[in-house]
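*Asks:* Chains A and B supply the protein sequences, listed in that same order.
Position in the first sequence counted from 1, then plus 450, gives you the working numbering.
Position in the second sequence counted from 1, then plus 1121, gives you the working numbering.
Derived from the structure by calculation, the hints contain no laboratory data.
Heads up, a few of these hints could be off.
Stated by the list, open to error - The following label-pair restraints were derived from C-beta to C-beta distances:
id, chain 1, residue 1, chain 2, residue 2, range
1, B, 1409, A, 634, 42 to 50 Å
2, B, 1248, A, 753, 29 to 37 Å
3, B, 1248, A, 755, 24 to 32 Å
4, A, 587, B, 1307, 50 to 58 Å
5, B, 1307, A, 821, 28 to 36 Å
6, A, 691, B, 1301, 51 to 59 Å
7, B, 1244, A, 634, 38 to 46 Å
8, A, 594, B, 1156, 39 to 47 Å
Where a beta carbon is used, it is the ideal one built from N, C-alpha and C, also for glycine.
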Amino acid sequence: MSTALKCENCGAPLTVSPETLVAICSYCGSPNWVRETARKEIVIVSSKPYDNVIKAFDDYKRKRGGIWEDVVVRDAQCYYVPFILADISASAEYEGDYRAQITIYRREIRRRYNAERGEYVKEEVWVYDRTVIRTIHVAGSLLRKYQLNVLARRSAETKGVGVIANHFRKTIPVIRRFTSEIVKQPRTVVLATELSFEEVEKLVIDEARDRIRSTVEMRADDEAYSKAERIASVYRGLDRKARVNSVTSLYKRVTTNVEEVTMSPIIMLPVWILTYEYRNSVYKVMLSGWDLKPLVVEEPVTMTTRLAYHVISGLAAGIAGGLGFPVLLNGLRNQIIEEATMGVVIMLIGTGISLALTKLALRSLKVRYEK
Amino acid sequence: MRKTVKCPYCGAEIEIVQGVPIISCPYCGTSVKVETGERFKEHYLFRVNYDYNSAYEKLMSLVSREVGSPKDLVVNSAPSGGTLHFIPLYVFHIDLRAVRGGRKVSEEVGNISVLASDRVSVPIPKGYRFPVRGRLYFSPRVVKRGRYLSPSISPEGALMIAEIPFREKVTCEAILETGSKAIEVVSNSEFTGLAHYPFWEVKYSYGNKEYTGYVDACDGTVVYAEYPKTLEVRVIASTLALLLSSALTGLLITLTGSETPLLEGLVGGLLASLPALAIVLRRGIGEKGVYVLEVRKVGISEEVR
């Protein structure tokens, strides 16, 4: 049953869901371990304050210029998001049998009567010779290292958040022990941690296995294919051609193994979500809290951009239509079905391209990932 | 056979759905075990983080960005009412193991929430992911006004459907690991509870007409929105750009070629651009524009779930 939990430090009521592991008190900022057994170290990257965020965004606006001069900041809010970073090495062994079908053609010189010239001419033709079927065996092993960033919350799995952890890996900012002073800033929310280390470990192991499995499967297929090519090349010569027709898997086996997992403590990463207004519409920007770099930027699609897309879309339709329609008409006039169909196909290709570009022209916003 | 059961909290008579073991009172949300008439305790509620006004604001900022919506939409429209819908979700703990010869070969573990009713009035887009966490214990006092929807499918049936992708994955993995197809999948999945998830149905009026939008009241995502359409500058300019560019290009193409009549190229260019033109014009002509969230294209969402 629901019991009203209180902050160990100041006694204020805590908002806790049935899964919360650590709840950060919204009044005094101290961490409260709801499940004592899960207690682990928490570290934090401290964020720059609101004023600096606004300044950084102003700089960004100046750099972009154009429509960005009319952009007005509405609000910004800092979220400390709990992450666990894992370095994991996994190995995989694979073996498999494939069946390769290779078709061989040979060159023949034939004599053919040419009615126009009234004489026999020599002609070169490639004729089917035979089909060779071979069984190919592949085997090998692979070792891979993965860096996985896990949001220690089950719920919000959007493209946006992963970016912050990658940025953390890239910039390596200073981390410090979690203290309530750092999060006791205005406009700051600390998200509760909801995944335990055991759950995160299971998650990363599963992910690493999935990744290495798909890599190794592709490698086995590639290996089988190149072996088939090698076999085919043996049959090739001046008067012979050989083509690999198909390589089908008969049996495949991949054994994966996780060698080593190292996991970071819970790292609280600061993310600023800034909302801005442009011509009555609202857009969002996500900035990293420590170096205030805009990482994900939602931006308006300007009229110029839209028009450019429409013009290119018209260009595609125009070229295809201008080429295809006369061909179609010609075909109809001369009653050549192939020509008419060809005309229609050309026109349809143009229509397809123009439709795709039109969709781009009409989208309501652009999402830009800054490098 | 009984047709109704009495709500243990507010006393209302609730109708029973055949084959569904838990039902929710439409008035207070209390969930009842049909068999015993007792309160069902594993019942949760997702927090309403967005009130009516902020849901309306979310809706406005979205529809104003759509091509074809009038420029003065935000200024000249007014909220005209809203309903909070609570959609029932079943929460499952999935635990599947693939076994061969008594030995575990692979496993899939996870928590998921799935819709517990097939009569949901909220247009939830396909593939919309409901959070598993961040829920509170249900109490009839938490939210007074709101429309609770009762589950209409049995948890067993919902679990079977929910397990399908996990089953496929665990089987595929096991086949790869062992190289054999003789695999048995053992399920230890559990039904962990019922949760109600809030959505705002927001109505607003613009120029004597009413429009509806649906906003996720937990995280503020707009999932569906209607908006007025006008032949505004953006639509007209787009149409002209497309028309001119396709006709001119068609013409030019025939100019460079030799024998074909000029008109054929022009007509061809226009014909090929017709579908695109129709799409552009539809943005401006007609009664109502409709926006439906595409789950894959979500930009930045606030991580407050």
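*Asks:* Each hint: holds or not?
*Replies:* Hint-by-hint comparison with the structure:
1. Judged by the Cβ atoms, the range 42 to 50 Å given for residue 1409 of chain B and residue 634 of chain A holds: they are separated by roughly 48 Å.
2. Hint check: residue 1248 of chain B to residue 753 of chain A, Cβ distance near 32 Å, so the stated range 29 to 37 Å holds.
3. Residue 1248 of chain B and residue 755 of chain A have their C-beta atoms about 29 Å apart, which keeps the hinted 24 to 32 Å range intact.
4. In this structure, residue 587 of chain A and residue 1307 of chain B break the distance hint of 50 to 58 Å, their C-beta atoms being roughly 33 Å apart.
5. Checked against the given bound of 28 to 36 Å, the beta carbons of residue 1307 of chain B and residue 821 of chain A, roughly 47 Å apart, lie outside it.
6. The given range of 51 to 59 Å is broken by residue 691 of chain A and residue 1301 of chain B, whose C-beta atoms sit roughly 39 Å from each other.
7. The hinted range of 38 to 46 Å is satisfied by residue 1244 of chain B and residue 634 of chain A, whose Cβ atoms lie roughly 42 Å apart.
8. As the Cβ distance of residue 594 of chain A to residue 1156 of chain B is approximately 52 Å, the hint placing it in 39 to 47 Å is violated.
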